[in-house]
Every structure is written in structure tokens, then in C-alpha cells.
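Peer 1: Given the coordinates of chain A, work out where chain B should sit on it, guided by the hints.
Number of protein chains: 2
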Amino acid sequence: MSDDQLLERRRRAMGAAPVFYKDPVHIVRGEGIWLYDAAGKQYMDCYNNVPCVGHCHPHVVNAMHEQAATLNTHSRYLSEVVVGYSERLMALHAPSLTVLQMGCSGTEAIEVALKMARLFTGGQGIICSNATYHGNSHEVFRMSAGPFEPEYRRVPFPDAYRPIEEGLSETELGARYVAEVQAAIDAFAADGVPLAGMLFCSIFANEGLPNVPSGYMAEAAALVRAAGGVVIFDEVQAGFCRTGRWWGYEVTDCVPDIVAMGKPMGAGYPLSGVGTRAEIADVFHGKSFYFNTTAATPLQAAVGGAVLDVIENENVLGNVNEVGTYSLQQLVQLQEQYEAMGDVRGHGLFVGIDWVKDRAGREPDRQGAVEIVERMKEKGFLISNAGQHGNVLKIRPPLVFLQQHADLLLTALSEVIEA
Amino acid sequence: MSDDQLLERRRRAMGAAPVFYKDPVHIVRGEGIWLYDAAGKQYMDCYNNVPCVGHCHPHVVNAMHEQAATLNTHSRYLSEVVVGYSERLMALHAPSLTVLQMGCSGTEAIEVALKMARLFTGGQGIICSNATYHGNSHEVFRMSAGPFEPEYRRVPFPDAYRPIEEGLSETELGARYVAEVQAAIDAFAADGVPLAGMLFCSIFANEGLPNVPSGYMAEAAALVRAAGGVVIFDEVQAGFCRTGRWWGYEVTDCVPDIVAMGKPMGAGYPLSGVGTRAEIADVFHGKSFYFNTTAATPLQAAVGGAVLDVIENENVLGNVNEVGTYSLQQLVQLQEQYEAMGDVRGHGLFVGIDWVKDRAGREPDRQGAVEIVERMKEKGFLISNAGQHGNVLKIRPPLVFLQQHADLLLTALSEVIEA
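Taken in sequence, the protein lines are chains A and B.
Residue 408 in numbering that gives the first Met the number 0 sits at position 409 of the first sequence; the count goes up by one each step and never skips.
Residue 149 in numbering that gives the first Met the number 0 sits at position 150 of the second sequence; the count goes up by one each step and never skips.
Just chain A, same shape as in the assembly (with noise of 0.2 Å):
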């Protein structure tokens, strides 16, 4: 079967769901940081940040068999399992973070994570970024796109390379962005929306990785507080070493009330998570009915302690520290031959590019972006665009990526560019 015929076959059985690149890639198996298409071809995967500990890694399989063939029902029946991932997972977090709620998606941590919010202050009002994507269902996808929400107030997100208001000292620009804030706590309460919190990407991911101006996140929270709000982060890209520490929130020096987490929790089993303080989850058990039929499960939990395992007797933090100072470095060289490199940033193993028409004007350049991904991919390196303006080149690979797969990467990266 060709893969035209296959995408036929998913066209009808499947309609027309996303697929990345032109022509899609059919990809049939995964090892470490390497994915390989049906015709045998491989490619470096320096996208996926699901299978943070590498793609089908053994002791993470392995633990997923051995629960499988044991035991896996629902959380209303008690589980050592389960109660000792939730103990695990909590006290890698800040002191103040305590109680775990799973759940087995993202935008499912995001919903608990919202509710939580709400419940516990009695107010509505969330402020978010004005680029954000929290996830996929009616509620949470609010805070993305369409028209003006009430119960959202969208702030314009803190970037020290396309920023607000020119000339303006960093200092000067964080008190900007955070005066912004103070604005969406005002127009809540000239509304009478109570507020509920603020909810951002610690590392503001999917508006681009912009250089944050700092201190910004935590005087934003202090006056979120100060209003009776809680801080709730996102940390379904950022958490799990992503940035070179455990968590998203350790780069903004601010610990939030809430913790949404996600993606990487399950290396690819559904597996998601809300962290917080134990006052507010007892509200949340209060006055909610919440129950997940799939979630903390004593197989999520033993999948989700396997991933914690080779994070720790791998050294993983370690290598996305030396690894990702390392190929930021390398990037930054190469931006200095290349007028479209507009900016380089990032934290950790999580990278962006931003890609631009001239560097003097920082114009978005999402064509060129897409077209350095299209021929990367027929090099066999998978890369991503995203970011507000859909120009910034992602690197974001599994975090078992080695100083030689980045050599490999920034190779393939120039050549591309030069042509």
C-alpha cells in the first residue's frame, strides 16, 4: 500500500484530522531519539516532547506490561500504586504543592485545574495570554481564539524581542507587561467578574518561548493574589525537566497555586495531572463531583513512575542541562551567518528559532519557517513552526538527545539554510 492510498483510507475513515508536512510521513517504528517511515527511511525526531525519555523505551514498556497484566480499574477502589505515584510525583514540586489529581489529557488538567480555581475563590474572571492554546474542549479552548469572553481576559504576553512598546529598558518593559495584568484585574472587577486567577505556560511555549523580561511572572501573580486570585501554570510542555529544571515554574521564580501537567507525564500513555495545595483541593473534592473513569489508575501510575525512574537513573536533567546549554550555543553561532535567524532562545531542550524577513525589521517570516521544515524533513529531521505569528522554528526533541544528535541537527540545519 502506498502512502497516498493509506491517506485515502484515513481521509475516509477518519476525515480530514490534521497531518504534518505536505507530503505526511508514515511512520511504523520508534527507538530513542529515532522514528522510521514504512520504506525504512529514519528520522531524527527533534519534535516530540511526549516521549520525553525516548520513543518505546524499555523500562517504561516494560512497566506498562507488568501492570497491564496485573491489575488496572478505576481510582474508588484504594491502590498502593496509585497513592505512591501521586507521594512521588507531589514531592518533586514545591513544598506548598501537595495533592495530585490525575487525569488522562491535558485539556483534562486544564478543566480540573480551572475548576479548582474557581471553586476555591468563588470567582469567574481567568486572565491568559492573548496567543495561548490550553487545550481542546468547550471551556478551555475559550481562552484561544473567537470572539470576546467575559470570564477571560486576554493579556498581551511578555517578549522582550517584538515587545510592546519600543525603547524601554527591561526593567521598564516587565512593569509594562505587568501593568497589563493590573489592567485585565481592573476590567474584571469594573465587569463585576470576580476573579478567579491567572493561568499562563510557565514558559509561555506556544506563543514562541519569548525571552521574558525578569521578574515579571512573579510581581504578575503578586497582584493576581493581592485581588483573590490563585496562579495556576501550565506546565503540560514545560514540566518534566523540558527547560533544564523540573519544572516550567523554577526559570520564572514563582510558585504557583496550581499546577496543570501533561504530555511527557506518560511518555505517550495517557497520563495527565493537577498539582496544589491541599486547602484548595479540598474545596475542589468538596464542592465538585470530579471522577475520571481511566485516570489514576494503577496503570497510568505505574507507566508515570516508570518515566520518573529513567528521568532519574539517566541523569536526564542533567543531559537536557549540558545538552541544550550546548546546542542554544551552537545556534546562536550559526544566527550570526544568517540575516533570517531573527532570534534565538529558548530553556533546556525546548528551542526557538524565530525566523524572520530581515533582522533590523524582525518581520515574521512563517513561509520561510515552513519551508526550513518541509526540507529538514526530507533530510530526516523532524522539526515544528509555532509561536504567535507561526514563524518560529521548534526544536524540542526527546530529552535523551545527545551532544552528537545535536551536532547531526545543527549540520542538517545550515546545509538546509544555505540552499
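Simulated from the structure, these hints should not be mistaken for lab results.
Any given hint might turn out to be false.
[To be verified] Below are the DSSO-like pairs computed for lysine-lysine, each with C-alpha atoms no more than 27 Å apart in a straight line:
| # | chain 1 | residue 1 | chain 2 | residue 2 |
| --- | --- | --- | --- | --- |
| 1 | A | Lys286 | A | Lys21 |
| 2 | A | Lys21 | B | Lys286 |
| 3 | B | Lys286 | B | Lys40 |
| 4 | A | Lys356 | A | Lys378 |
| 5 | B | Lys21 | A | Lys286 |
| 6 | B | Lys286 | B | Lys21 |
On a predicted model such as this, the values are computed, not experimentally measured, just so you know.
Peer 2: Then chain B, alone, in the frame of chain A:
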């Protein structure tokens, strides 16, 4: 560690998340229809519908293991495993339903079903039942509880045992309930809320498995379609042979436009899906940005396919019909002896016993039902109580429940009632 200690650890790490039973059971192993607690006590599982082919079925476990060791990525790459499963599953549905959108939970399936209905019709109004639960997200939970929601109208669910009006023939009663649907359509029109459709569990499982007046569903559906709406069935509980038919809608003689599936679909692996007509899927994908990271993955598809294998290879459908019919007959005999068994009803291996204070008055006895559930658990049989009044004993075992199991259950039940 004692169960009390584990419960206390759970309270700290998972908050007051719900557990079953006054003294929760601590389950550590499952096999077929049997569960085992930490002390080695054996329980017959007469409650869990998720492990539809039995706990830890080796074929499902092996399929999961093989695929997890081979590949598990998101759906923006082509995968023959995923396309093949989508084709195979939809071929089990009515011919008009051809396209599958996978998700990770029943809630996500209902979210997608609502979005499909609303985007396709351009309407917003959804007719649902007045004693329902379709999921835990903000939008889906609007149907279940709380104040009047302008976009949802809750109609009395059809019930021959506690009818909305006494003294009617079955035909008259059906017409009476159908008139409630028309009244909801008219009320939406009067309020200027364009109709999107109606959403019912095809067997009204959470309502308490009522006997539905013949023809009700088809007539209600016809009215909804005449008013421009579509028909959504929640098959999260009814689907995958539970009722003695592949789908609950086969019991109703009404083919829906959109069908939401979940729970048994992945036998405990988080897997749900929405099946629909091609024209609805086209509008959905054309107008939404729906993507779900850990859904429509090769691992979901491999597990889902293995569940279908077992259902086919082990003649599960035949077993459901045989043992379901037998169990219902035996329970009807038991009913003759016990006044409190007000009504016995169900479909296939999903049986409800309406527990009442006295048979003539039909007054629901929730406390009595809870007592039976607790005593059955002490005896080693897991059942539960459900329904609008919480008084319906719910017997819903894995579908590999055999006549010998039914006999053990019935003996235990009569002993408990006697005591």
C-alpha cells in the same frame, strides 16, 4: 501497611477523591471477572464495564505490550494501525456512520460530539435528560446539575415504572414523553436558541436503565431532525455488546447521527471515540482546530483492536445474550419472593434492580440499596447503586461473565436480602 494507613496516605496525596464502600477495598490483582485485595480475598466483579473482556485479558495485554515496544506517536503522522482500527470499528456501526474521531475519555468524546452537532447545524441548543451524567468537563457537566442553562433543556427521561403520568397505556405514555421533547424544541425556538440536537444515553443507564416505551427514541429523533437538529447517542456505557447488541442504539431502532463511545473501548487503556457521518466530520474538521495529543495513537488503536479481537474470537456477544437472558430470568424469579425488588429490568449484561420501600408505592429506597451493596461486598461480590434516586442496584459485570458466575451472584444476593 494497613488499609487505614493507605487511606490516610491517599487522603494526603490525592485529597478527598471519591472511594467506594464504607471500608474501601484495596485491590491488587485482577483476572477475568475476579479481583483480589491485598489480604488475598477474592471478589467477583459484577460492577466494572471497562474491563469488558475481563481483567488483564492476555490478548489485550500482549497487543499493548507489542505496540508500546514498537511505536506510539501522535496522529499527525500516518499510521496504518490507526487507520485500520478506525475502519474496523466504524464497519461495526450502521452504514451511515463512517468517520471516527478518537479521544482519551468519555468526557472528551461528548465534548467532540457536542462540537460536531453545533458546528454542523449552526445551532446551540441541546436536549438532554433530567437525570443524566455525560462527563466531568465544564461544558458537559452543565447537563447534569445546577441551575437552568439556556443552551440545555432537560426533559423527563422515559420511564414505564415511575411514569410522568399514571394510568396511560404504553403508547400513550410514549406519546406523553415525546411531547416533552417537542415542548423543549418549542421552548428553544421561543427563546431564540437555534437547536443543535438531542443527546441521550441510548439506554438511559445513569437514569436507572428504565424500560422505555416502544417507539419513543425514534419519534423523539424525528422531531429533533424535523426541527433542524441532529441525534447524538452516548454509548459510553451501552456500547461494545453490553446490551446484547453491538450498540445500545440497536435496542432503540434509531440510528444516531453522532455516537460517542468510551469505557469498554480500550478495556482500561484511556480510549474513547466519536463516530459520525462523513458530512458532519467534514464540517467539524473544517471549522474546528481539534487535535488530541495522546488520542488516535497506534497504541490506542492496537489496544482497541485487541478488544475487538477478543469480542469476536470468544463469541462475547453470544455470551452476553445467553447469560444476560438467564440472569434476568433468575432475578425475575427472585423478585417474586422479595417485596423490595420493585422492578427488575435491563439489557444484556446490564441489569438494574429498583429497590423500593414497598412494591405498591414504588418509593425508592436508596438506603436499602446501599446496604445491599455493602453486604454484597463483604460477601465478595462487587455491585453498586445508581439511577435518578440512587436506589437501583446495578449489575454490570465484565462481558465474560458466565452462567456459573451468575448462579453464585444470585445465591449471594438472595442470602444477603434474606439477612
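Peer 1: It remains to establish, for every hint, whether it holds in the given structure.
Peer 2: Here is what the structure says about each hint:
Taking the CA atoms of Lys286 (chain A) and Lys21 (chain A), the gap is about 48 Å. The hint is violated against a cut of 27 Å. Using a Cα cut-off of 27 Å, the hinted pair Lys21 (chain A) and Lys286 (chain B) holds, with the two alpha carbons roughly 20 Å apart. Between Lys286 (chain B) and Lys40 (chain B) the alpha-carbon distance is near 53 Å, which puts this suggested pair outside the 27 Å criterion. A hinted pair counts as satisfied when its Cα atoms are at most 27 Å apart, and Lys356 (chain A) with Lys378 (chain A) qualifies at roughly 24 Å.
Taken as a hint, the Lys21 (chain B) and Lys286 (chain A) pair is honoured in the structure, with Cα atoms around 20 Å apart against an allowance of 27 Å. Between Lys286 (chain B) and Lys21 (chain B), the direct Cα distance comes to roughly 48 Å. Violation of the 27 Å bound is thereby established for this hinted pair.
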